[in-house]
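Novice: Sequence:
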Amino acid sequence: MKVLITIFLFFGKLLSLHAQFTPTYFNTDIHFLTKQAWGKNVFITQQGYATIGGYAHDINIPGNFRKNEVIVFSSFNSFGDTLFTKKYDSPVYGWVAYSTITTNENNYISTGWKNLDTINYTQDSTVAFLIKFDANGDTLWTKEYMYAPQKRSYGTAIYQEADSGFVVCGITNKYSANMRAMLLRLDKDGNVLWEKNYPNAGDVYAYSLAKAADGGYLLAGVQFGGGTSGVTDAYALKTDSLGNFMWSKLYGGAKGDINRSVVKTLDGGYIFTGGTIPVNDVWEDGVIRKINANGIVEWEKNIGNENDNAFDPVFSLSDGNYAVLGAYRDTINVNALNAWLVKFDINGNIHWQRFYNKYGGNNHNYFRDLKETPDKGFVIIGELTNLSLWQQNMWLIKLDSLGCDIANCSVGITEEMPNEFVFTLYPNPAQDVLHIETTYNKEQTILYIYDITGKEIRQTSIKSNYQQLNISTLPAGLYLCRLTQGDFNIKTIKLLKQ
59 MKVLITIFLF FGKLLSLHAQ FTPTYFNTDI HFLTKQAWGK NVFITQQGYA
109 TIGGYAHDIN IPGNFRKNEV IVFSSFNSFG DTLFTKKYDS PVYGWVAYST
159 ITTNENNYIS TGWKNLDTIN YTQDSTVAFL IKFDANGDTL WTKEYMYAPQ
209 KRSYGTAIYQ EADSGFVVCG ITNKYSANMR AMLLRLDKDG NVLWEKNYPN
259 AGDVYAYSLA KAADGGYLLA GVQFGGGTSG VTDAYALKTD SLGNFMWSKL
309 YGGAKGDINR SVVKTLDGGY IFTGGTIPVN DVWEDGVIRK INANGIVEWE
359 KNIGNENDNA FDPVFSLSDG NYAVLGAYRD TINVNALNAW LVKFDINGNI
409 HWQRFYNKYG GNNHNYFRDL KETPDKGFVI IGELTNLSLW QQNMWLIKLD
459 SLGCDIANCS VGITEEMPNE FVFTLYPNPA QDVLHIETTY NKEQTILYIY
509 DITGKEIRQT SIKSNYQQLN ISTLPAGLYL CRLTQGDFNI KTIKLLKQ
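Quick note, our numbering runs 58 ahead of the 1-based positions in the sequence shown.
Derived by calculation from the structure, the hints in this document are not laboratory data.
One or more hints might be untrue.
[Unchecked claim] In the EDC-like style, the derived pairs of lysine to aspartate or glutamate whose C-alpha atoms are separated by at most 16 Å in a straight line are: (1) Lys322 with Glu356; (2) Lys232 with Glu202; (3) Lys246 with Asp272; (4) Lys307 with Asp377; (5) Lys145 with Glu219; (6) Lys521 with Asp490; (7) Lys232 with Asp196; (8) Lys246 with Glu219; (9) Lys246 with Asp192; (10) Lys190 with Glu253; (11) Lys549 with Asp463; (12) Lys269 with Asp221; (13) Lys322 with Glu253; (14) Lys209 with Asp261; (15) Lys434 with Glu514; (16) Lys232 with Asp182; (17) Lys552 with Asp509; (18) Lys429 with Asp377; (19) Lys201 with Asp182; (20) Lys434 with Asp509; (21) Lys269 with Asp196; (22) Lys144 with Asp196; (23) Lys322 with Asp196; (24) Lys434 with Asp463; (25) Lys145 with Asp182; (26) Lys348 with Asp325; (27) Lys254 with Asp298; (28) Lys201 with Asp272; (29) Lys190 with Asp261; (30) Lys307 with Asp261; (31) Lys348 with Asp298; (32) Lys322 with Asp272; (33) Lys513 with Glu430; (34) Lys434 with Glu356; (35) Lys232 with Glu253; (36) Lys513 with Glu356.
All chains, full assembly: derive it from the sequences and hints.
Specialist: So this is what it looks like as structure tokens:
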């Protein structure tokens, strides 16, 4: 009997491990009747996933017709099927949850803004808020901040401190004619401990927040006017632990530039992501920028095709690398906008990048938030259009560790190579020595080797048409060998190591 129990336990454990590490995939969008919907944040739960998003619906007040925003909390199982949806709205005011985090007691807290109608049914004022939800999406409490008649205040990012209180960054013109970055320090119940706003030459919008190694805070955003470009400049502001101003810096050149997101790096510096906007508020390239703790640029990269591309949120990954989400204008179908996922390291080297357009054609696709999943993949929330039904829906997609939405998909951008282009690895399967033949040996050409989880195992510069690589120390298994030149993936080959 003991032997049978042991066998059942053993196989039960194997099945559990298999379920944990076998990639799952789904690609679903959630439609709210005729409403315009979006997704903002996604979380891993015991049931599967939880999301925070919203939709806009038309309201008709006498003498006025406009859209009103509603916050939506949804729960999904591990296959992307909806378990339940709850909404938070008002018959008059619009609510936008811009940023949501999990709290240390496994609840959720959102910051954003409420649109107020105080004069003639027009959205003339906004007020920043916090809404705390329990694990089932039920509201625990709501607090509002920085209200002033015919003034605008927005909460854009939130961080929970060790004392269970919160720090909120955002934007306000409560005390001035122009928009300023703001910072609020709150206790665990949302009561204000201190508030700060930061005067500046032009309008400043703070979109993202990172906790600094010295206990202070770094805000990332954009300054309109008064900078190097004369239009927009990427902006960073550093404070101490009490929100007192320490320094601010502008980044970018003659073109307009925006920081949309920031994440702290293990070396005490920061990575910004955003984009360039030369003219007419049209995005050009996605930008990734690394600075040290003092705000000095260590490197920066413009990635894209100068055709309406931009990055938004950036994330630290468990393997020490980073992922950034964005939108990428198709060069063939210029009316299409693809969701964009890029994995890169702390030195700005691109591991791979992928584009997503669920319905193809002229549809627009956006990614807003990402979480790593137990099977080493990613779950992403956003929104997309389905022009065949004239809808904009919330979008939840599950990918594997290489960003694939189906098993064994190709990874990255492939340049158009001439017919005589050669890239060969042999023998395959290989044991000790890998022979590399290629006609593509331009400057900065590198061969990367990844394991099946997407972790980089080896890299070597390609400086001739024929090279040998000793792989005797690699464990037996399946690997991906990716030939790159600069920021572009040229070709990927699967290699079996015996």
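Novice: Give a verdict on every hint.
Specialist: Okay, the hints, checked on the actual structure:
{"no.": "1", "hint": "Lys322 with Glu356", "result": "14 Å, holds"}
{"no.": "2", "hint": "Lys232 with Glu202", "result": "14 Å, holds"}
{"no.": "3", "hint": "Lys246 with Asp272", "result": "22 Å, violated"}
{"no.": "4", "hint": "Lys307 with Asp377", "result": "30 Å, violated"}
{"no.": "5", "hint": "Lys145 with Glu219", "result": "28 Å, violated"}
{"no.": "6", "hint": "Lys521 with Asp490", "result": "21 Å, violated"}
{"no.": "7", "hint": "Lys232 with Asp196", "result": "31 Å, violated"}
{"no.": "8", "hint": "Lys246 with Glu219", "result": "9 Å, holds"}
{"no.": "9", "hint": "Lys246 with Asp192", "result": "14 Å, holds"}
{"no.": "10", "hint": "Lys190 with Glu253", "result": "20 Å, violated"}
{"no.": "11", "hint": "Lys549 with Asp463", "result": "19 Å, violated"}
{"no.": "12", "hint": "Lys269 with Asp221", "result": "14 Å, holds"}
{"no.": "13", "hint": "Lys322 with Glu253", "result": "23 Å, violated"}
{"no.": "14", "hint": "Lys209 with Asp261", "result": "14 Å, holds"}
{"no.": "15", "hint": "Lys434 with Glu514", "result": "14 Å, holds"}
{"no.": "16", "hint": "Lys232 with Asp182", "result": "13 Å, holds"}
{"no.": "17", "hint": "Lys552 with Asp509", "result": "10 Å, holds"}
{"no.": "18", "hint": "Lys429 with Asp377", "result": "13 Å, holds"}
{"no.": "19", "hint": "Lys201 with Asp182", "result": "20 Å, violated"}
{"no.": "20", "hint": "Lys434 with Asp509", "result": "12 Å, holds"}
{"no.": "21", "hint": "Lys269 with Asp196", "result": "29 Å, violated"}
{"no.": "22", "hint": "Lys144 with Asp196", "result": "8 Å, holds"}
{"no.": "23", "hint": "Lys322 with Asp196", "result": "32 Å, violated"}
{"no.": "24", "hint": "Lys434 with Asp463", "result": "13 Å, holds"}
{"no.": "25", "hint": "Lys145 with Asp182", "result": "24 Å, violated"}
{"no.": "26", "hint": "Lys348 with Asp325", "result": "11 Å, holds"}
{"no.": "27", "hint": "Lys254 with Asp298", "result": "12 Å, holds"}
{"no.": "28", "hint": "Lys201 with Asp272", "result": "29 Å, violated"}
{"no.": "29", "hint": "Lys190 with Asp261", "result": "30 Å, violated"}
{"no.": "30", "hint": "Lys307 with Asp261", "result": "14 Å, holds"}
{"no.": "31", "hint": "Lys348 with Asp298", "result": "21 Å, violated"}
{"no.": "32", "hint": "Lys322 with Asp272", "result": "12 Å, holds"}
{"no.": "33", "hint": "Lys513 with Glu430", "result": "14 Å, holds"}
{"no.": "34", "hint": "Lys434 with Glu356", "result": "30 Å, violated"}
{"no.": "35", "hint": "Lys232 with Glu253", "result": "12 Å, holds"}
{"no.": "36", "hint": "Lys513 with Glu356", "result": "24 Å, violated"}
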